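Fit chain B to the given chain A structure using the hints.
These protein sequence lines map, in sequence, to chains A and B.
FYI, in the working numbering the residues of the first sequence are 1 to 268.
FYI, in the working numbering the residues of the second sequence are 1 to 291.
Everything labelled a hint here was simulated from the structure, so no lab data went into it.
Just so you know, these numbers come straight off a predicted model, no measurement behind them.
Hints are all accurate, no fakes.
Which chain B residues face chain A? A few, computed with CB under 10 Å, are given here:
#1 47
#2 51
#3 77
#4 83
#5 86
#6 94
#7 105
#8 109
#9 110
#10 111
#11 114
#12 118
#13 135
#14 136
#15 154
Far from chain A, some chain B residues (derived; all Cβ distances over 12 Å):
#16 14
#17 15
#18 29
#19 157
#20 222
#21 247
#22 250
#23 257
#24 264
The beta carbon of each residue, even a glycine, is placed where N, CA and C say it ideally should be.
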Amino acid sequence: MLICPERRMEMYKLGQYIYLESPVHRLDPRVKLIAVIALSIIILHVNFVGLIVASAVALAISLFACLSLGLVLKTLRPVLPFFFCLFLLYIFFTPGRPLPPFPIGPLQISYEGLNFGMLQVWKFLLLVVAASIMTMTTTQSEITMGLERLLRPIRFTGISSHDIAMLVSLALRFMPTLLDEMNNISQAQLARGANFNPRTISGKIRAIAYLAVPLAVNIFRRCDELVDAMEARGYQQGHRTYLRELVLSRSDYCLIAAIIVLVVVVVV
Amino acid sequence: MIRVNNLTYSYEKGRSTALKGLDLHIGEGEYIAVIGPNGCGKTTLIRHFNALLIPSAGEVRVDEFSTRDSKSLLEIRRRVGMAFQNADNQIVGMSVEEDVAFGPGNLGLPAVEVRQRVDQALAMVGLTGMRTRPPHTLSGGQKQLLALAGLLAMEPKIIVLDEPTASLDPEGKKKVLTLLQKLNRQGMGIIHVTHSMDEASLAQRVLVMDQGELIADGRPDDILSRVEWLKSLGLAPPHITELMWHLQQGGEDVSTSIFTTAAAVEEITALLVRLRSSTNAYLPRKADGDV
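Just chain A, with the same shape it has in the complex:
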């Protein structure tokens, strides 16, 4: 029986890391990255039955991670309108036997379209769920480190995996800083009478320019300073070390092997 630690009721941002002690949290980030990639490959090759099995597995993993179903499903909310549009496209534009009472005029929904649309949208939603489970159980720095280790074999192309990891971690590090800055700029512009809710299209474009231009200028200035600071702290291309070293345990190896076998079985 899995015992989940009690969690204080807090507002979590969607998909944000939630600090908990669970077997899924403890997994090596590389295993989780491989699992998400594997899932996206498997999903392309399965039918309804396979999809139900995959969904059940995802559900089981979220239980093991002590994440409530509601919390996981909530992460789907922002993508729902997009997938709904996708669903409409599938059902209206897939040729096949018409579903009564259609066709109405030029409008037609086919059995095949309904079938296919549901399958596709379910697949996409499952992918989003899988990615959310990963980001909720893995810190950003763990993901970055896992990425760095997984990408090490690309050394032969002349690209250093350390550089890519640095790139990702800098982007994540500066996201909140730039958001703050954008708020500052928009407030400064509002204080000087800028209108951010104009009615005309040209006005809307101008409103974006009011924000984007100073923000872009600030980003360049920040970059200059950041480069100096990084150089001053001895950053060079090539090898570097980290605070933590990722070590795969025996169970991590078993899981990776199992995932690979599963992918091969499904695909072949």
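Then chain B, alone, in the frame of chain A:
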């Protein structure tokens, strides 16, 4: 430690020179303040100390390494740590401890040693309790302390700071300055570029720059007490020194080599005692019965 020979630098060829033939020697463990009006070349000068800038002419050596030699770059940057005014743009890690680990990681140290240095550096600046916080949730003062911890984890011989207190509140300023003094007592060299003469008075040696030249180099007592000269350069002497200077101008016998309130109180008290005793000498002593 750092030896500067005839250093000349211009940002663009043929344009006006930012530094004009500077000569300077900085010993180990010195606490130096660099002052001067905006655009005098202080920032340009200190950027030569860890090879962020390479001289157009002349030479800068850190120990036995020339900053021109790109092979010794990492060695120079390990010895000379540098922090800039805006701490926010120096923080690269996604958490406090990861940011401190950036420098040691660049040196290629094994994870165990990186961990040890990170713990040490965080304890030194007093941020141990915030090790897992994301940097954007820190206050301005804490960010500056974090930037300093990032330098300390490289175990440099000297740290160079470009206006580290410029955007801090008084509490944050005090913390940073106290830390600098503590580090210096432990033998670390400090070069502190500042606009605040109060901060400069904490140093053992003050360098004054103007228009790309080093125009004075001496003890804070000698330099910061030249009130009129500092004003002519567009610099503001410490308020307390200016007060003493005004008293002196008014014909009182006081020193202007005074940079702290405590020293000023002592000097003024001494002055009052002298005044009282001299006044008493002229006035007839009050008789008991007089009303």
